[in-house]
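Participant: Two independent chains are provided; combine them into the complex using the hints.
Going line by line, the protein sequences match chains A and B.
Under my numbering, the first residue of the first sequence is numbered 716, with each subsequent residue one higher.
Under my numbering, the first residue of the second sequence is numbered 13, with each subsequent residue one higher.
Note that these hints are calculated values from the structure, not bench results.
All C-beta atoms, glycine included, are put in the ideal place defined by N, C-alpha and C.
There may be inaccurate statements among the hints.
Here are the simulated BS3-like cross-link-like pairs (lysine-lysine), alpha carbons at most 30 Å apart as the crow flies [as the list claims (entries may be wrong)]: (1) K872(A) - K86(B); (2) K61(B) - K821(A); (3) K61(B) - K743(A).
Covered, in the sense of this in silico footprint (three residues per stretch, anywhere, with C-beta under 8 Å from a C-beta of chain B), are these stretches of chain A [as the list claims (entries may be wrong)]: (4) 751-758; (5) 807-814; (6) 826-835; (7) 847-860.
Partial pick of chain A residues on the chain B-facing surface, computed with a CB cut under 10 Å [as the list claims (entries may be wrong)]: (8) E734; (9) A788; (10) G907.
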Amino acid sequence: MNGVHDMGGMDGFGKVEVEENEPPFHHKWEGRVLAMQRAMGYAGAWHIDDSRYAQETLSPRVYLAVSYYWRWALGMQQNLLKRGFVTEDEIAAGHSLRPARPLPRKLTPEVVRAGMARDTFFRQQQAHARFKPGDRVRTRNINPLGHTRLPRYARDKVGTVELIHGCHAYPDAVASDRGDDPQWLYTVVFDGREIWGADADPTLKISIDAFEPYLEPA
Amino acid sequence: MADHDHDHDHGAPLGEIQLRVRALETILTEKGYVDPAALDAIVEAYETKIGPRNGALVVAKAWRDPAFKAALLKDATAAIAALGHASRVGDHLVAIENTPQRHNMVVCTLCSCYPWEMLGLPPIWYKSAPYRSRAVKDPRGVLAEFGVKLPKETEVRVWDSTAETRFIVVPMRPAGTEDFSEEQLADLVTRDSMIGTGLARTPAEARP
Numbered sequence: 716m717n718g719v720h721d722m723g724g725m726d727g728f729g730k731v732e733v734e735e736n737e738p739p740f741h742h743k744w745e746g747r748v749l750a751m752q753r754a755m756g757y758a759g760a761w762h763i764d765d766s767r768y769a770q771e772t773l774s775p776r777v778y779l780a781v782s783y784y785w786r787w788a789l790g791m792q793q794n795l796l797k798r799g800f801v802t803e804d805e806i807a808a809g810h811s812l813r814p815a816r817p818l819p820r821k822l823t824p825e826v827v828r829a830g831m832a833r834d835t836f837f838r839q840q841q842a843h844a845r846f847k848p849g850d851r852v853r854t855r856n857i858n859p860l861g862h863t864r865l866p867r868y869a870r871d872k873v874g875t876v877e878l879i880h881g882c883h884a885y886p887d888a889v890a891s892d893r894g895d896d897p898q899w900l901y902t903v904v905f906d907g908r909e910i911w912g913a914d915a916d917p918t919l920k921i922s923i924d925a926f927e928p929y930l931e932p933a
Numbered sequence: 013m014a015d016h017d018h019d020h021d022h023g024a025p026l027g028e029i030q031l032r033v034r035a036l037e038t039i040l041t042e043k044g045y046v047d048p049a050a051l052d053a054i055v056e057a058y059e060t061k062i063g064p065r066n067g068a069l070v071v072a073k074a075w076r077d078p079a080f081k082a083a084l085l086k087d088a089t090a091a092i093a094a095l096g097h098a099s100r101v102g103d104h105l106v107a108i109e110n111t112p113q114r115h116n117m118v119v120c121t122l123c124s125c126y127p128w129e130m131l132g133l134p135p136i137w138y139k140s141a142p143y144r145s146r147a148v149k150d151p152r153g154v155l156a157e158f159g160v161k162l163p164k165e166t167e168v169r170v171w172d173s174t175a176e177t178r179f180i181v182v183p184m185r186p187a188g189t190e191d192f193s194e195e196q197l198a199d200l201v202t203r204d205s206m207i208g209t210g211l212a213r214t215p216a217e218a219r220p
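The following block holds chain B by itself, in its conformation from the complex (with noise of 0.2 Å):
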C-alpha cells in the first residue's frame, strides 16, 4: 500500500469507501483481532456518553469551589479522579486558567491531540489545515473568525499539543452568575471555551 500511487483515493466516492472499511472490519474479525461489540461499544460511547459536557462540569466545580480549583490547576488528572462520577481521564491532563491578564488557545499542529475524555471527538476545525497552521502564527485572527476579539495588552497563549499532555481550557467566569448552580454554570461552559476558540457564555446568551 505504502508504495502505490495514492491518486486513486482522492476523493474515492462514498460507496468505495464503505466496502474497504468493511472489508478490512470483515477480515480483523475474522482473525480474531477485534471484537465487532467491542467496536459498537466504542462508537456508542462517542456518540452518547463522551462529550464537552464531562468538560463543563468540571470547570463549573472549578468556578464554584476555590479548592477544586486550586487542586485542578495543579493536577488536573488526580483532581477529576478524585470526584469519581466523572468520565476517567488519562494520566496526562494539564487545565490551563484565563485571566484578564492571559487568554490561552490550544492545538495540535502535528496531528489531532485534543481531551477526548472531557470534551468528545474534535470537531472538523480543530483537525483541519487552516486552524493547524494558523492558530500558533495568526491566534488573533483565528479568534476573531470564531467571533472573540481580546483586548490588545492580553496575552495570547497557545499551547501546540506535541506530546500526550491534553490541554483544557477553565474560561473565565461570566459575571452575574453568582448564584448558579453547577448545572446553570455547566451551561455557559462551551466546548470552543474550553478549547479557547471562544468564551464562556453570559448568561442573557445562554437564554433560550
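Just chain A, same shape as in the assembly (with noise of 0.2 Å):
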C-alpha cells in the first residue's frame, strides 16, 4: 500500500539526529514489547510480514506521531485482535477471560539462549529463475493496496539484476493470508539519476530486493 511508511525519497523529514551512547532500550516496556513479538512469531502466530502490515495500516498521523516500539505494540495487537488471539474485552480488562487459541510452539528461555537465529525464508522453488544477473528489468508500475515490498520510489523503473538470492516466501502474498507463493529474489540496482531525474548525483547507485513479480525484462 502506498503509505508514509513508504519513505524513501521523501522531503522535509529534516537531519539524522544521533544519539551518543544509545541504550538498546530506553524504557523496560521496549524491551517486553519486543520480545512478546519475537516470542509470539517463534510461537507462528503469524509471519513477519504481517506484522510490518499491521504497523502500515496505522493511520498515518499515528505512525509518524509515535515511537519505534509503540508502534510495534500497537501492531502486535492488531493481530492478536485480528486473528483471535486476543479479544478486545481481554484488553479491556487486562487479564485472559476465555480459552487460548492453541499455536504450534512456544518459546523457552532454552531456546533463547541456545542463540535464536532468525527464520529462514528460503523456500522450494517452483520454476526456474526468469531473470540472471546482468539482465535489463524494468520494474512494474504497481500500487496495491495490500502489502508490498516494492518501493513506490523505484517502480517503473529500469535497473541491472546483479545478484540472485534464490526462491524466498512473497511477502505480498504472506501478508494476504495467501501461503508463502515462493518467488525469486534478487538484488536489483539502478543509476541514481533513472530514480531521481537528471540532476541527481552521477556517482549515486540505488538497489532494492525485488521479487521476480515486481520485474519484467526492460
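Facilitator: Shown next as C-alpha cells:
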C-alpha cells in the first residue's frame, strides 16, 4: 500500500539526529514489546510481514507520531485481535477471559539461550529463475492496497540484476494470508539518475531486493 | 483497534504505555502463548550479548585473513557459520566491501531491516524518518551529517533492505594497522562503519 511507511525519497523530515551511547532500550516496556513480538513469531502466530503490514495500516498521523516500539505494540495488538488470539474485552480487562487459541509451539528460555537465529525465508523453487545477473529489467508500476516490498521510488524504473538470492517466501502473498507463494529474489541496481532524474548525483547507485513478480524484461 | 481513532495514542504518557504493555504481557502469559522467562532471556540477550562487537570481529578477521574475506564476500552466512564462535546468523546475510572506488551504505526505507545478529538492535536514527527518506536520495548529505566526506568521484552505493536479505558493510582497513591483532582491529570497527554511515577509526582516533 502507498503508505507513509514508504519513505524513500520523501523530503522535509529534517536532519538525522544521532543519540550518543544509545542504550538497547530506553524503557523497560520497549524490551517487553520486542520480546513478545519475537515470541509470538516463534510460536507461529503470524509472519514478519503480517507485523509490518499491521504497522503500515496504522493511520499516517499515528505512524509518524508514536515511538518505534509503541508502533510495534499497536501492530502486535492489531494482529492479536484480528487473528483471534485476544479479544477487545480481554484487553480492556487486562486479563485472559476465555480459552487460548492453540499455537504450534512456545518459545522457552532454553531456545533463546541457545542463540535464536532468524527463520529462513528460503523456499522450494516453483520454476526456473526468469532473470540472471546482468539482465536489464523494468520494475512494474504496481500500486496494491495490500502489503508490498516494492518501494514507490523504484516503480517503473529500469535497472540491472546484480545478485540472485534464491527462492523466498513472497511478502505480498504472505501478508494477505495467501501462503508463501515462493518467488525468486534479486538485487536490482539502478542509476541514481534513473530514479531521481537528470540532475541527480552521477555517482549514486541504489539497489533494492526485488521479487520476480515485481520485474519484467527491459 | 484498527477501526478506532488512534489519536489518543499520540504522546500517550509513559505510565499509560507501561500499563498497557504490562496488560498485554499478562494476557499473553495467562493464555499460555508466551513464557515471561523467555521474554527476560530475549531482553537480556539484546542488552548484554548481541551487539556490534559481533560484526566488528568478523570485519577484523576479514581484514587479516584474505581467504576468510573472500568467503565472507561470497556467502557471508556460510563464512560466519564456519567460524563457530560468532553468534548465529540467519540464512540471508550479504557482506559488501568498501573500496577506494565504491562506498556502500545500508538503509531500510520501508521499515527497519538491519543485521541484528551482527550489529545488535538498530539505533533510533536508523529507524527514523529522516534517515529512511534521505539515504536513497541524498546519501552524501546524510554522510556529511555523520562527518563523512567522500571524494567526488567515489561511487556511492545505497542498499535498500527491501526483503529478508541483510547487509553488512566491510569498511576499508585503516592505514598503519599492519601489526594489529584481530582484537585491536575490532576496536577500530564502529557500528556506523558497518552500516556505511561511518568509516573505520584510525589508530590515532582510537587512542584514548
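Participant: Now, for every hint given, state plainly whether the structure supports it.
Facilitator: Quick rundown of the hints versus the structure:
no.	hint	in the structure
1	K872(A) - K86(B)	holds (28 Å)
2	K61(B) - K821(A)	holds (22 Å)
3	K61(B) - K743(A)	holds (17 Å)
4	751-758	holds (count 5)
5	807-814	holds (count 3)
6	826-835	holds (count 9)
7	847-860	violated (count 0)
8	E734	holds (6 Å)
9	A788	holds (6 Å)
10	G907	holds (8 Å)
Consistency with the previously given hints fails for number 7 only.
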